[in-house]
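Asks: Given these sequences and hints, build the entire structure.
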Amino acid sequence: MTMRFRPWILLRSVLLALVMLFIAVPMVVVVWTSIQPDTYPAFPPSGLSLRWWDSALTREWLLPMALSAQVALASALCALVMGTAAAYALSRGRGRGRGALEGFLATPLLLPEIVISLGVVQLISMLSARGLIGSPLLVVTHTVIGIPFVLRTVGVSLLGVNPLWERAARDLGATPLRAFTSVTLPLMRSGMFAGALFAFIMSFNNVELSLFLTTRDANTLPIQLLQYMEYEYSPTLACVAVTSVLGICAIAGIASRFTHLTEFIHGGTK
Numbered sequence: 004m005t006m007r008f009r010p011w012i013l014l015r016s017v018l019l020a021l022v023m024l025f026i027a028v029p030m031v032v033v034v035w036t037s038i039q040p041d042t043y044p045a046f047p048p049s050g051l052s053l054r055w056w057d058s059a060l061t062r063e064w065l066l067p068m069a070l071s072a073q074v075a076l077a078s079a080l081c082a083l084v085m086g087t088a089a090a091y092a093l094s095r096g097r098g099r100g101r102g103a104l105e106g107f108l109a110t111p112l113l114l115p116e117i118v119i120s121l122g123v124v125q126l127i128s129m130l131s132a133r134g135l136i137g138s139p140l141l142v143v144t145h146t147v148i149g150i151p152f153v154l155r156t157v158g159v160s161l162l163g164v165n166p167l168w169e170r171a172a173r174d175l176g177a178t179p180l181r182a183f184t185s186v187t188l189p190l191m192r193s194g195m196f197a198g199a200l201f202a203f204i205m206s207f208n209n210v211e212l213s214l215f216l217t218t219r220d221a222n223t224l225p226i227q228l229l230q231y232m233e234y235e236y237s238p239t240l241a242c243v244a245v246t247s248v249l250g251i252c253a254i255a256g257i258a259s260r261f262t263h264l265t266e267f268i269h270g271g272t273k
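Mapped onto the working numbering, the consecutive letters of the sequence shown carry residue numbers 4 to 273.
Hint data in this document are derived by calculation from the structure and do not stem from the laboratory. Glycine residues also receive a C-beta, built at the ideal position from the N, C-alpha and C atoms. One thing to keep in mind: the hints can contain errors.
[Unchecked claim] Okay, the calculated beta carbon distance ranges per label pair:
{"no.": "1", "residue 1": "Leu-21", "residue 2": "Thr-110", "range": "31 to 37 Å"}
{"no.": "2", "residue 1": "Leu-126", "residue 2": "Leu-53", "range": "34 to 40 Å"}
{"no.": "3", "residue 1": "Val-17", "residue 2": "Ala-92", "range": "55 to 61 Å"}
{"no.": "4", "residue 1": "Leu-66", "residue 2": "Ile-26", "range": "49 to 55 Å"}
{"no.": "5", "residue 1": "Glu-235", "residue 2": "Arg-15", "range": "41 to 47 Å"}
{"no.": "6", "residue 1": "Phe-107", "residue 2": "Leu-229", "range": "39 to 45 Å"}
Replies: What follows is the structure, given as structure tokens:
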């Protein structure tokens with residue numbers, strides 16, 4: 004039996020290949036730039052070298068990277084707690100304002116982050132509280148943009164959780180807290196970790212909010228990269244970028260291994 008030629012299948016495959024190349028090629032170029040000896044990439048290459056990694060693994064870059072990780076971790080945890088609580092309340096609530104509240108909590112996804120950062124700066128200026136600018140304010144603002152991700156992922160997980168299961172546990176003698184932690188919470192786990200991971204990545208890579216809320220002595224990694232590129236170019240930037248990407252991939256891999264993120268992505272609630 005001969006298979007009929009379907010042009011749309013070929014077109015879909017070509018488009019998919021182009022998208023994959025568009026995503027992969029820039030990363031390949033960055034990795035290649037980090038391990039070649041010349042200041043500017045050349046083809047054919049003159050050899051391989053790790054000379055640029057010596058300058059990448061210094062306090063100039065490690066301190067901003069550590070600050071970005073600390074802010075991202077703190078904001079992701081805060082967003083996880085608040086977003087999970089909001090998603091649970093919205094899924095169990097029956098009030099008329101439920102849709103309006105959900106839309107309000109998702110507002111940070113609709114507003115440009117530059118608008119949010121300018122509004123925060125204006126508020127701090129009006130309150131004469133410029134001393135708050137720095138890590139504490141970064142955590143607060145990054146939490147705001149992380150909550151919608153947790154809200155959506157946990158909300159998706161809760162779609163597969165029947166409220167009657169929790170009620171049945173209470174009927175069998177479990178306290179409301181015990182019923183929640185034993186029945187509902189395990190089924191929300193994948194959505195919680197997925198939302199926290201999204202919030203962490205958004206915070207770690209954030210430029211717009213951090214641009215106005217960092218100080219000269221405490222720059223996050225994206226701001227440090229941006230300021231460095233304003234004055235000079237060096238393959239050191241590629242080394243730093245590769246390091247941050249590998250770190251995020253490692254975190255995502257560990258989370259996927261222990262929290263069943265694959266099942267969540269494909270629609271499961273494990």
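Asks: With reference to the structure, classify each hint as holding or not holding.
Replies: Structure-based check of each hint:
1. Against the hinted window of 31 to 37 Å, the Cβ-Cβ separation of Leu-21 and Thr-110 comes to about 34 Å, which satisfies the hint.
2. Between Leu-126 and Leu-53, the C-beta spacing of about 46 Å breaks the proposed range 34 to 40 Å.
3. Between Val-17 and Ala-92 the C-beta distance comes to about 46 Å, which lies outside the given range of 55 to 61 Å.
4. Distance hint check for Leu-66 and Ile-26: the Cβ-Cβ separation is about 30 Å, which falls outside the suggested range of 49 to 55 Å.
5. For the pair Glu-235 and Arg-15, the supplied restraint of 41 to 47 Å holds, since their beta-carbon distance comes to about 44 Å.
6. The given range of 39 to 45 Å is broken by Phe-107 and Leu-229, whose C-beta atoms sit roughly 32 Å from each other.
Checked against the numbered hints given earlier, the structure breaks hints 2, 3, 4 and 6 and satisfies all the rest.
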